[in-house]
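S.K.: Hey, can you work out the whole structure from these sequences and the hints?
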Amino acid sequence: MELEVTQEKLTFALSCVSRVASSRTGLPILGNILLRADKTQLIVASTNLEMAATHHVGAKVIKPGSITIPAKLISEFVQNLPKETIHLKVKNNQVYISSGKYTSTINGTVDDEFPELPSVNKKEAVSYTLTTQDFKSAVSQTIIAASSDSTRPVLTGVFWHSYDSSLYCAATDGYRLAEKKITKTSSDLKAITPTATLQEVLRTIKDDTTEIQMLFDETQVTFLFDSVEVTSRLIDGNFPDYRQLIPAKTETYFAIHESEFARITKIAGLFARESGGGITITVDSDKSTVSVHSVATEVGENTSEAEVELGGNSGSVSLNSKYLTEALSVMDSEVVKFEFSGKLAPCILTDHTKSPNYKHIIMPLKS
Amino acid sequence: MSRAVWQSVLDEVELSVSRATYLTWFKNTELVELSDEELVVSVANIFAKRQFEVKFNDQVRDILKKQGVTPKNIRFIVQSTGAQKQTVSRETTVQQQPIAVAKPKRSSQPGSSLNPRYTFESFIVGSSNDLAYTACQAVSKNIGTKYNPLFLYGGVGLGKTHLIQAVGNEILRANPEKSVLYISSETFVNDFLESIRFKKKGFADKYRNVDVLIVDDMQFIAGKEKTQEEFFHTFNALHQANKQIIISSDKPPRSIPTLTERLRSRFEWGMSIDIQMPDFETRCAIVEAKAAMTDVELGRDVIEYLANNIKSNIRELEGALNQLLAYCEMRGIEPDIGTVEGLIGNIRQSRPQHISPKQIIDKTARHFQITPVEICSEKRDKHIVTPRQVAMYLLRSELHLSFPKIAQELGRKDHTTAIHSVEKIERAVKLDMLLREQVASIREKLYV
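Residue numbers (the numbering used here), protein chains in the order written: chain A, 1 to 367; chain B, 1 to 448.
It is possible that some hints are incorrect.
[Said to hold, decoys possible] Listed below are the simulated SDA-like cross-link pairs for lysine to any residue, each with C-alpha atoms no more than 20 Å apart in a straight line: (1) B:27 x A:26; (2) B:27 x A:48; (3) A:184 x A:116; (4) A:359 x A:206; (5) B:55 x A:136; (6) B:405 x B:373; (7) A:136 x A:326; (8) B:55 x A:359; (9) B:55 x A:48.
Don't read these hints as lab results, they were simulated from the structure. Note that the structure is a prediction, hence the values are computed from the model and not measured.
M.R.: Here's what the structure looks like:
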């Protein structure tokens, strides 16, 4: 194998796939990156048996071939090279990399044991093409609500599904729930994608990428964008039927600037560290203000008020400031709407528009 | 026969590939179907599927050919292992209402809600629980035929839940097609109430169509007449069909107040076994095993100190160990005997340090429903003598009082009376199960 490739392209591909490569599995070769040159391009790939990332890098191939090589070393070496053409050559399982005055030799391993990378069959799969913007906001808005508790695997992913001829994604950890309506669809879909895969896609996707294609089949999903392909297993199981939890009607609501709401929530959160983040939101319908209150028994307490546009009855509710802060940080619009009904029913946070596409549900704290 | 075919393939592959390769790709595979037309094998994930299709297909085919099996088509499907599906969440945060956790019950999710952590392998056997352990293993091998029902009882934190869940997990491992239902008696009560309230169908189906029914903490059913009746019918239906029933409780059937007679007799029908407090050696083994799980090596003296100081409850023992490990990790120090002494001192302070002799006498008297005056009196009625002797025994075992002092506390002049009483109860406790429970229950009351 022998080829020439630019440093920038190779660095990007290597840094992405080296994040996926994992030395923690039982198979040592998975700590390696696969380099494979065919006639016109270099394929850089790695897998941790949960997901696989493949980058197609344009290169001037002199002689096709393939090799695997320890992920960390090569990616750090190439990263530090100047932005010039890199010459890469494999001989006797050794990889010779040179660029200008820099040369190095890294011992590789033949690719016999490296797993074949799975990929969704395009013909049989359910396919969606989203704009990068849509994809990024949908994923980053829902992924925060996914659980990290591995005892309930279905909650550790983001649930992509079709409902009422729209494509939705949703995630919940049992205490909060985020749901995003993405686009119209005519196909049927129910799939839970692991959060690690989505995070990887989010990290890899470049700002100038315009579109991302998602291909789902029964057991796996492939994300295609630019010259990158990320394939992952799907999480097996049934996602809970969460729609019945979203209250149809609420007794109290107010609309508030996102930044102001975030500020008073964060301040109240400072005083709520002892009580596990519990803050109380009180709405007084006579005064058209909302106040946020928190108490730290040994430190002090805090009350912040904000003027808002109110609707419905007076009331108050306690919830975890961390959840509210996280939810506010991913809202799209400047003005958000917060709805609740008494101390026990779930609270809803949405954009303050007629038909919001994003809903964030937070369960109240029982005080 | 068909399973053997795939096993032979695995055996042969194991010899020809590296250990890591074998463990990664071949270990969790299983034969699903074998006919002249087709051989279907389930594999762990999409990566394994692809690997089999591309790399191992020829090898598998060759080995099968040697066995004389030549299916036209070999197909690989992805099937996650049963254990994953049956995982259940154990809620740790109680102050919040879980959204999705409470719901699945209604949407009739499959799965037995067993915790896969509880297995026979992770259970530490000692003389106090080996009978229960053996019985549970026997049940998991002879479902519904050996001991039915199996009734386990013992105090809190002694491993009842671990054992009965281990039976469930073991049964599922060996026979994935069996349906195992693990519930607490509270769930049963709730389901039953719901079925009445909303006139829901399916209650009987849920409970009567299982192969193994495991009910935890049966004592909570006490006093609920209608529920008991429903459970009685469920019990009969299952027992009639030779389905296994496993029950745990903190008391033996006959000591659960307000348990109806017909349920009581049924519970006593099969095998009922008590789990005792673990002895010193078992406690040491538990501490050692738990520490090993977190890759920490503890000194002999530390282990013995822990085992010696926390005697009554395994959960508390684990708690103390966790506290120790966390403390040492945070400060970056090695757990040594000094640290343990400081810490355990802290833990134990939360308990009443001093139980007075008077408290023991009072509580013993109350347990036997006589007055403290009676117990210290001259009377020699049988219903007073035994409590008196038990009180003496407890004064000796809990407070290590001297015999003359014990005699004095109970208004006796002669310390030989005390010696005789203590020895008598010591002997009796080993032979008489009823007395043993009574002593244990008084002891428990002393420390609450």
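S.K.: Among the hints numbered above, which are violated by the structure, and what are their numbers in rising order?
M.R.: As far as the earlier hints go, 3, 4, 5, 8 are violated by this structure, in ascending order.
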